[in-house]
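K.L.:
Residue-level listing of the chains:
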Amino acid sequence: MRFNTLFIVLFVGLFSTAQNTKKKKDSIIALDEVQLITMIKKKIETDMKMAVSVDEFLASSDNISFIKRGAFAWEPLLNNMSSERSTITIDGMHVFGACTDKMDPITSYVESNNLDAIDIKSGQEGNMHGATVAGSIDLKRKSTPFNLPKKWNGAYQTGFEFNNKQFFNLANASYSSDKFVADGSLAYRKAENYSDGNDDEVAHSQFTKFNASLGLAYKTSDLSSVKVEAIYDEAKDVGYPALPMDLWLSRALITSATYKQLFEEGLVRAWDTKVYFNAIEHYMDDTTRPENLVHMDMPGWSTTYGLLSNINLQSNKLSSEIQLNAYNNLSTAEMRMYPQDRSERTMFAYSWPAVTTTFAGLSINNAWEISDQSLLNFGGSLGVNYNHSKYVEFNWIFHPGTPQEKTRLLPSLHAGYELNINKFDFSVGGGYGHRVPSVSEGYGYYIYNSFDRYDYIGNPDLKNEISYEGNASAGFTDNKLSIQAKVNYFYIQNYIIGRILSLGSPMNYQSVGVKGYTSLDYSTLFNFSLNGSYSILNNLHWKGTLTYARGQDDNGNNLPFIRPLSYQTALHYKYNRFNFQTSINGDLEQINYSPEYGEDQTPQYTMWNLSADYTFRIAAYRTVVQVGAENILNEYYSTYADWGNIPRMGRNIFTSLKFNF
Amino acid sequence: MKNINFFVAAIALAVTSCTIDKTDYEAEIRTEVIEHINFEEVVSISENDYQISIEALNGTFYKGYNEIRVNISNTQTNEDLSTSDVTFLPLVTNYNGNNSSCPHQYSLDYNTAENYYDGYVVFTNISNDSEQWKLYMSFTDNGETYAVTQNILVEEQVNKNLNMTTFTANDGEQYFIALVAPQQPKIAENELVAGIYKYNQPTNEPGTFPDPSQFSYTAVSDYTLLLDPRMPEPSMGNHSSPNNEDLTQQDDGLYYGVVNYTMTGNWTLNFRLQNQFGAIIKGTEVSTEFTPGVEGARSELHIDILF
Ligand SMILES: [Cu+2]
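These protein sequence lines are chains A and X, in that order.
Each residue of the first sequence is one higher than the last, beginning at 1 in the working numbering.
Each residue of the second sequence is one higher than the last, beginning at 1 in the working numbering.
Worth flagging that the hints you see were computed from the coordinates, not collected in a lab.
Among these hints, one or two may not hold up.
Unchecked claim - Just the calculated beta-carbon pair ranges, DEER-fashion:
#	chain 1	residue 1	chain 2	residue 2	range
1	X	Gln51	A	Pro403	47 to 55 Å
2	X	Asp118	A	Glu344	34 to 42 Å
3	X	Ser287	A	Leu530	49 to 57 Å
Where is the CB? At the ideal position from N, CA and C, for every residue including glycine.
Turn these sequences into a full structure, and let the hints steer you where they fit.
P.N.:
Spelled out as structure tokens, the structure:
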């Protein structure tokens, strides 16, 4: 685990829209990604480490935390809410994991070398790609602009991490000309089991991942282009030490075709239309766990077709983005248990009984520059969500007579006001939005949760979760010092969570009972973060972050997976072509843990990390070599969000080498 | 460019097909459990100018519950009898020469809508070398009574969802429980239908053979069959399902309840038989504990099914 990367604020996200808008306005004619109301692009690396996984990179944002079930494919929590409460997209495309045990968050299907940036939006500001409560995480793929002089670009990065013997090779190349652009990347990582702070090997924590991506763009006219893109991702032999099963194979194919039209003048400035298709297959494997009483196969499939169309409008003081989202997803997951006498008939059931989700929605977001100092962001969306359960008889077992189909309306509204006065900036905002229960929450069938050891049953009749949120920030920036405080508060009606059912009995032998997804009257969530940076000397910088969160249900009980008070502090020193970084980070003791939802108290931990890099040239190629160590003190620890309290990685020395062509 | 094209083609080929195919669970159950829906002729008997045809599902008499449809036609007039009194008595003769019967409907009903005589028989064992089944039937026409006998073959019921059980209850009576439906269960709420019968001890001395009063069975009335379905497989830890309903008698004399099967495989229907006065006369309550690794203990009154 690498919390070392957390000390920095990479994404200004929610409260930084103003500067962005201005910056981007002039360059509208360039046939590049046109993002009027959005984000900052940033290389996918952290201050501490230049060769990071997508998870490590995400972890460097202070409103993201992770549930970790091993060394691979961490589930991102945005604003301390689980992944069903946020929309996670790749270039706006919806992709749905095929694992009932959440082994495969969408972030596990990309690689750091095919991403350009990750756009994180908090709360209803993230409604652009669909209904959400927590916000949105959009993984932006690399996209090289058209270039008049023909140009080849590339980078190759390799490295080794000593703790888990992770060896990785990342290569990407791009070719651009006036009419044609190609982007490609290849990545391969292979890691063995890691060792914890007691130098004990954590069994089943190995992984192997291959990822390839390709994008081809052709300029059809001065102001229009077409682009086809594909990502192929394959993870094999991945261990999940916190789960009773591992992964044999997971494959994803993520494809899209985009037509982009720009307009030099007029109200409409850019129009992007994308059709996409992605398919995921996921096969778990428990043959690696001979101690299991039952052998079972648990395959899952998820197929999504989608369309999105985005128009940028620009008038004098107002810029708007309108997006149409439509997609259709089919999620199926099976379990087949083998009796001890293998000649007997196997026992079969669907854990997702072929559930179709069809969504169509229109989102509008506007930025209105009231004056040079102030900006008003406001927007809304309206979506229609339709679910269909093919084998509805499964759902009838716990919910007799529940309809096979369900249509829901998902409205969303938000507004935020930003004010910049000299070196100070302030913002205040609010939002309202609905989200639909996820496939597992609505239609899941005996999905074993190894955290609280219950089998979970979905409820198709769950009401929409309704979120009311407020947020505010205040900051100060000058040449040397920058400090920013952010708070947000969510009041979530019909909060969906598992509650013990007095009906039925477990199906999975490790279970202690059956829980059904039910709606609490409400829950509340509060998030606070404080970020600071200071330039002590020209080449010596300090950064620090403090975060605090609190989540409670309608009885005042704590919600699970809420991060305790956490801190990061880091120093960066530059000397000639050398960079040195060191950081300390940790969580305090988890005071507000939730025994009702299977949590126990997690003690505090502190982590110290160090790295150094050197930039030089081999021939004409800029080369960077980096050496560092995470968890230098080899502390034995696990965090509040480590599934089943599995210990995190002990001391890890990492090295990497990067060539830029 | 060629390389790129090749790359794209390779990717497309690699992923457009699933590594492992999805399960069509309905088709899987269909191959595992054969459902018979067509009535076909099992035996045909000629008697004077009459032709008697007996139909059952799949043209076979199986151990357990069999619905029978009887058609009697006059071969001279080519007309089917519809006002006849038809009786039906199955007897099995064991190697000692002793006769016994099984639950059956002695006087068949005429189904005016479908034009056949309707009844049922619950064979308690299959035909073998030492035990031969024979039908003793009679019918009337024009004031005359005709009697026929016919050897029949009773075969093993391979569909465990149509299993049956025989037992002596605490009241000293002999009972029979035979599953009637579902033939082919689903992972769902299933309407569970069973026949519950009792042997009526003869009160008089036997008359001329075959004397039906010596072989009398009736469907019991106003009993309740308490149900607790569980999976016996040790690794399933005595797994059960929610929302099941006990079986109660409906107008057709059969007992109807609801069983939920949460997955395919072996299930045990644990029963307790409660008489019309609310007394449990057979069956033990089973543990509701979840006991992974231990085979679930069955009620002393149970039927195993499989789908
Ligand atoms: Cu999985």
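K.L.:
Hints broken by the structure, by number, lowest first?
P.N.:
Every hint satisfied by this model.
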